[in-house]
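Below, each chain spelled out in residue letters.
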Amino acid sequence: MSGRRTDQADDMILETEGLTIAFGGHVAVQEVSLKVERNRFKSIIGPNGAGKTTLFNLLSGQLRPTAGYVRFKGKDITPLAPFQRTRLGMGRSFQITNVFPNLTVLENVRLAVQSQQGVRLNWYASAKAYRRFEEEAKHWLDMVLLGNRIGVMANYLAHGEKRKLELAMLLALQPDLLLLDEPTAGISIEEVPAILEVIRKVKEAGNRTIVLIEHKMDMVLDLSDSIAVLFNGKLLADGRPEDIMNNETVQAAYLGGLYDDAVASAGD
Amino acid sequence: MSGMRTSKIGTIWFVIFVAGLAALPFINDSRSFLILMTQICIFAVFAMSYDILLGFTGIVSFGHCMFFGIGAYTSGVMLDRLDASIGTLLLSVLVGVLLSALLSYIVGMLSLRLKSHFYAMLTLAFSGLLLVLAEKWRSLTNGNDGFTFPIPSVMKDRTVLYFTALAVMVVMFLLLRRFTQSPVGRVLLAIRENEQRTESLGYEIVHYKVFATVVAGMAASISGSLYVLTLRFVNTTVFGMDMTLNALLMTIIGGVGTLFGAIIGASIIEWAHHGLSELAKFHPIFERWIIFFGLLYIVVVLLFPAGIVGTLRLWWLKRRGRRLEQSLQADSNAIRKEGAG
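Going down the list, the sequences are from chains H and W.
Residues in the first sequence are numbered consecutively from 545, following the numbering used here.
Residues in the second sequence are numbered consecutively from 18, following the numbering used here.
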């Protein structure tokens, strides 16, 4: 593991404390206290229904917690709306594809660039005056290997392409913290390495923090600086990948329960 | 590059279209024809304003007539009580626009933070309120009967009136088109497509929605002012549900999300209205023109949900997309060959 310095321990870009949300009687996320170090790569794993996406929705503001708080860059952001969190430098991608269906691929990303550049309430200039936004949008689309599809309506894209578009929109926001919700879900096996490569590049640039939700543990092992395990809405363990692998509770609860799946995916 | 070419072709067609409309009074100077064309121009502005809401932002309003009515009554009252000069007319248009902007800002701020049907309901309530106000405030509006008022003498000429309406339509078209293509306009489209995603990109939704409703309200007010100018008369029908329904019908038939579609829709509806009224001489069923509009509406929604202009545009986009795909295919084939050779 590359230089994990203890003197940076207090340099947390994101912290949650006692984060809880209940839908009626069902507690989806229960007292999760999570710390994410700046410019590190953290993965959150857990079986289906563990509350991973709900936790993301709490972090990015789509949901308000029943209890607890979220601190971003040392500031309590619990009451802030999603757009305010985005402006503070937090960006997220969605597990269920969430793009603008009847706009072109280029326009989808251009909107993200426009927001990132802070052009928000200009109603008199033609958007064409902002040629450079399009150029930049193309740059991000090239990065996720969608450069040849810029003129296509987003809803004509294949599922895997929509996932890539989603990633390009997030990258275009240039957030300090990227929340990635299963970025490779639905992408064909051949294309997964390319997407992972994009994520790896972002990581290796070293100036962004990434929190990634993943189902398949093998995918995140070598990318992650730390892994948090979520189970039944609770934080089961949080630590270095090798510790998590050897953690008995994790093995019993998570790997144990999914042992058959794990064998099946290791088999191919 | 191809986008630039397309927009140039669009500009040329638009200039031809406007020139054709401008030449009409010299080709056919029948009075009723000019009146009809004037009405089309006025309702085109009203329909375009509604399209900003429905087509560009995805907001449904059941009371858009209130802004039309505000423009109508403001111009009517001011021309009647002050003097019938051009200056008063312009001032009344301005006052109507400001009142509409204020009201749509208030209605928007009250309801646009909530789910979209709250806006629809609140506009319905407010337009109903204004209708009652126009009925009961007899000293100002003369109630249901309405009142006639003098207009500037130059405007009494039907040709002048037609050219005024045409000019207003063209200017409003260009202004609104510019608005829809501005950075704000692009965000409106994004909101129409996916509100949650737009917010997570860092845009504050309610600002944009209120912006759109204020612009739409102002444009509708201008069309209302022009409308009563052609009638020299105003009564409570300007606040009627029919007015909103007309705008809805025109926008949907022409094609939501296409300003030009609103012009086409207004032409068809006004023309059909006129034509059906003529046919009423032969059979009284044609008196009930709303029946035919209902049928037309059903046909359009079933067969061309994108409206006339929308369907044409989709067809054009598909054709261009196929060509683009083919050229890309050719490119990648060439690259593959080079790689192989």
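It should be emphasised that the hints constitute simulated quantities derived from the structure, not laboratory data.
Here the structure is a predicted model, which means the values were calculated and not measured.
Here a beta-carbon is modelled for each residue, glycine too, at the ideal position from N, C-alpha and C.
Mixed in with the good hints there might be a few duds.
Unchecked claim - On the chain W side, residues computed to face chain H include the following (Cβ under 7 Å):
(1) G163
(2) F164
(3) F196
(4) N211
(5) L218
(6) E295
(7) G327
Unchecked claim - Non-contacting residues of chain H with respect to chain W, defined by C-beta distances greater than 10 Å in every case (computed):
(8) A566
(9) P609
(10) A611
(11) P623
(12) P645
(13) R664
(14) E679
(15) H683
(16) M713
(17) P737
(18) E741
(19) K745
(20) H759
(21) D769
(22) E792
Do the hints match the structure? See the list:
1. With a least beta-carbon distance of about 36 Å to chain H, the hint placing W/G163 at the interface is violated under the 7 Å criterion.
2. For W/F164, the suggested interface contact is broken, since its CB lies about 37 Å from the closest CB of chain H, more than 7 Å.
3. Because the closest C-beta pair between W/F196 and chain H is about 6 Å apart, less than 7 Å, the hint holds.
4. The criterion of a C-beta within 7 Å of any C-beta in chain H is met by W/N211, whose closest approach is roughly 5 Å, and the hint holds.
5. Taken as an interface hint, W/L218 checks out: its beta carbon lies about 5 Å from the nearest beta carbon of chain H, inside 7 Å.
6. Here the hint on W/E295 is broken, as its CB sits about 40 Å from the closest CB of chain H, past 7 Å.
7. This hint is violated: W/G327 has a C-beta 11 Å from the nearest C-beta of chain H, more than the 7 Å allowed.
8. Look at H/A566: its CB is around 22 Å from the nearest CB on chain W, clear of 10 Å, so calling it non-interface holds up.
9. Its beta-carbon lying about 18 Å from the closest one in chain W, H/P609 satisfies the requirement of being farther than 10 Å from that chain.
10. H/A611, annotated as away from the interface, keeps every beta carbon of chain W farther than 10 Å; the closest lies near 24 Å.
11. With a least beta-carbon separation of about 15 Å from chain W, H/P623 lies farther than 10 Å from that chain, consistent with its non-interface assignment.
12. Against the 10 Å criterion, H/P645 falls within the reach of chain W, whose nearest CB is about 6 Å from its own CB.
13. Its closest Cβ contact with chain W, about 6 Å, brings H/R664 to no more than 10 Å, contrary to its assignment away from the interface.
14. Distance to chain W confirms H/E679 as a non-interface residue, since its nearest Cβ pair spans about 14 Å, more than 10 Å.
15. Residue placement check: H/H683 keeps its beta carbon more than 10 Å from all beta carbons of chain W (closest about 17 Å).
16. Non-interface call for H/M713 relative to chain W: violated, since the shortest CB-CB distance, roughly 7 Å, does not exceed 10 Å.
17. Distance check on H/P737: its Cβ is at least 21 Å (rounded) from any Cβ of chain W, clearing the 10 Å threshold; non-interface status holds.
18. Consistency note on H/E741: stated as away from chain W, and its beta-carbon is indeed over 10 Å from all of that chain's, at 21 Å minimum.
19. Its beta-carbon lying about 22 Å from the closest one in chain W, H/K745 satisfies the requirement of being farther than 10 Å from that chain.
20. Every C-beta of chain W lies more than 10 Å from that of H/H759, the closest at about 22 Å, which supports listing it as non-interface.
21. Taking the minimum C-beta to C-beta distance to chain W, about 25 Å, the non-interface status of H/D769 holds against the 10 Å cut.
22. Listed as outside the interface, H/E792 is consistent with that label: its C-beta sits roughly 38 Å from the nearest C-beta of chain W, beyond the 10 Å cut-off.
Against the hints set out earlier in the document, violations occur for numbers 1, 2, 6, 7, 12, 13, 16.
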